[in-house]
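Taking the hints as your guide, dock the two standalone chains into a single complex.
If you read the sequences in order, they're chains A and B.
For the first sequence, my numbering begins at 1 and goes up steadily by one.
For the second sequence, my numbering begins at 113 and goes up steadily by one.
Hints are computed from structural coordinates only; laboratory data are not their basis.
Here a beta-carbon is modelled for each residue, glycine too, at the ideal position from N, C-alpha and C.
Misleading hints may appear alongside valid ones.
Quick list of the computed label-pair ranges, beta carbon to beta carbon [claimed, not checked]:
no., chain 1, residue 1, chain 2, residue 2, range
1, B, LEU226, A, LEU56, 41 to 51 Å
2, A, THR72, B, GLY196, 27 to 37 Å
3, B, ARG130, A, GLU15, 40 to 50 Å
Only pairs whose alpha carbons sit at most 27 Å apart, straight line, appear in this in silico BS3-like list of lysine-lysine [unchecked claim]:
no., chain 1, residue 1, chain 2, residue 2
4, A, LYS49, A, LYS69
5, A, LYS104, B, LYS169
6, A, LYS104, B, LYS121
7, B, LYS169, A, LYS49
8, A, LYS99, A, LYS68
9, B, LYS121, B, LYS169
10, A, LYS68, A, LYS104
11, A, LYS49, A, LYS68
12, A, LYS49, A, LYS104
13, B, LYS169, A, LYS99
14, A, LYS99, A, LYS69
15, A, LYS104, A, LYS69
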Amino acid sequence: AQSVTQLGSHVSVSEGALVLLRCNYSSSVPPYLFWYVQYPNQGLQLLLKYTTGATLVKGINGFEAEFKKSETSFHLTKPSAHMSDAAEYFCAVTHRDDKIIFGKGTRLHILP
Amino acid sequence: DSGVTQTPKHLITATGQRVTLRCSPRSGDLSVYWYQQSLDQGLQFLIQYYNGEERAKGNILERFSAQQFPDLHSELNLSSLELGDSALYFCASSVGVGYTDTQYFGPGTRLTVL
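In isolation and in its complexed conformation, chain B is listed as follows (with noise of 0.2 Å):
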């Protein structure tokens, strides 16, 4: 168990609609990732918020946005799915802002758009 929650753990939607995936890092993370895992793309990196404030942006699509809350915990929202957003999402999170701190992963949302 790394200590990251994420939920829900399965989410089956349609297109058009929107979700939110919820994260709580680890107790005394302050950085919160946000990855997308699928067959075609691979492990891709999407955003990173520290302290609140976002802090790096990767592949992430303009129809996604995230935030992270003063407790800390951070909420992915996916707007607009299309069939393409099926993935496995993970979160993860780390004591500091720098990369080659250790990130820890929570055990993911499957995200199934029909």
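For reference, chain A alone in the conformation it holds in the complex (with noise of 0.2 Å):
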């Protein structure tokens, strides 16, 4: 069964600093693997997605996020944070026939 740990439900940062949200994720094959945010009062919106191919996947807004198998792990990271990316960030994990499992989400806070 697939499974997706996100570590710290909670992440402040300053503005200007780098934005690190981890994920770590649990597959028996193969996993496609999604960043997905929430701003207050929305809906998710994908930020970026890894299938296959280049491991090191750039996505809207700055973000970038690593495949490492080794390491089952697909982080999400911002050089430099943006009030603006105040908001709660989802990492999901699926492969090619079953469904989307999404993390419990960690809140985005920036600091002044």
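Okay, structure coming up:
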């Protein structure tokens, strides 16, 4: 069975600092991995996804994530945080023939 | 704006009642997904329809049912409501049937059961 663990339900970073949101997955077959963002009172929006190919994936708003099979991780990073990045972030895993599983989410706080 | 619309935005009802949530997918999308988001359970996949047919089931209770109509809009029916059904219900749509397709989420319906 697949699962996703997001380390830290809340993460605070200063404006301009590096953002690092951690995601580890469990899957018995090659996974497809996603990061979604949810702004207050809105639905989820896809930031980026990994299916096959290059393990470093670039997404919208300056975010990127690297698929590391040996570490079963798909951490999300952004070099410099902006106030507008404050939101909840969800990591998700699936594979070709199975439904998507979301992590519990990490709320990102940006400190001025 | 994702292009996915959901109505109503808010719904307040009593235990034991039945409600219907409606979703219109993005133009051209054939798949519709329903999710439940609550503080204790997180974001849970309920069910997927593709071009009118049920494609996959997740953690959907027997009291809940859904359908997708010929015009591709979808409805989620929740009956015999319990306090624990209070949650945010999201609809998402995608072009194809595959789980790797990008899903576009609607703004959600907040259901409060009193």
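Here's how the hints hold up against the structure:
{"no.": "1", "hint": "B/LEU226 - A/LEU56: 41 to 51 Å", "verdict": "holds (49 Å)"}
{"no.": "2", "hint": "A/THR72 - B/GLY196: 27 to 37 Å", "verdict": "holds (32 Å)"}
{"no.": "3", "hint": "B/ARG130 - A/GLU15: 40 to 50 Å", "verdict": "holds (47 Å)"}
{"no.": "4", "hint": "A/LYS49 - A/LYS69", "verdict": "holds (15 Å)"}
{"no.": "5", "hint": "A/LYS104 - B/LYS169", "verdict": "holds (20 Å)"}
{"no.": "6", "hint": "A/LYS104 - B/LYS121", "verdict": "holds (23 Å)"}
{"no.": "7", "hint": "B/LYS169 - A/LYS49", "verdict": "holds (23 Å)"}
{"no.": "8", "hint": "A/LYS99 - A/LYS68", "verdict": "holds (22 Å)"}
{"no.": "9", "hint": "B/LYS121 - B/LYS169", "verdict": "holds (24 Å)"}
{"no.": "10", "hint": "A/LYS68 - A/LYS104", "verdict": "holds (20 Å)"}
{"no.": "11", "hint": "A/LYS49 - A/LYS68", "verdict": "holds (14 Å)"}
{"no.": "12", "hint": "A/LYS49 - A/LYS104", "verdict": "holds (18 Å)"}
{"no.": "13", "hint": "B/LYS169 - A/LYS99", "verdict": "holds (8 Å)"}
{"no.": "14", "hint": "A/LYS99 - A/LYS69", "verdict": "holds (20 Å)"}
{"no.": "15", "hint": "A/LYS104 - A/LYS69", "verdict": "holds (21 Å)"}
In this structure, every one of the numbered hints holds.
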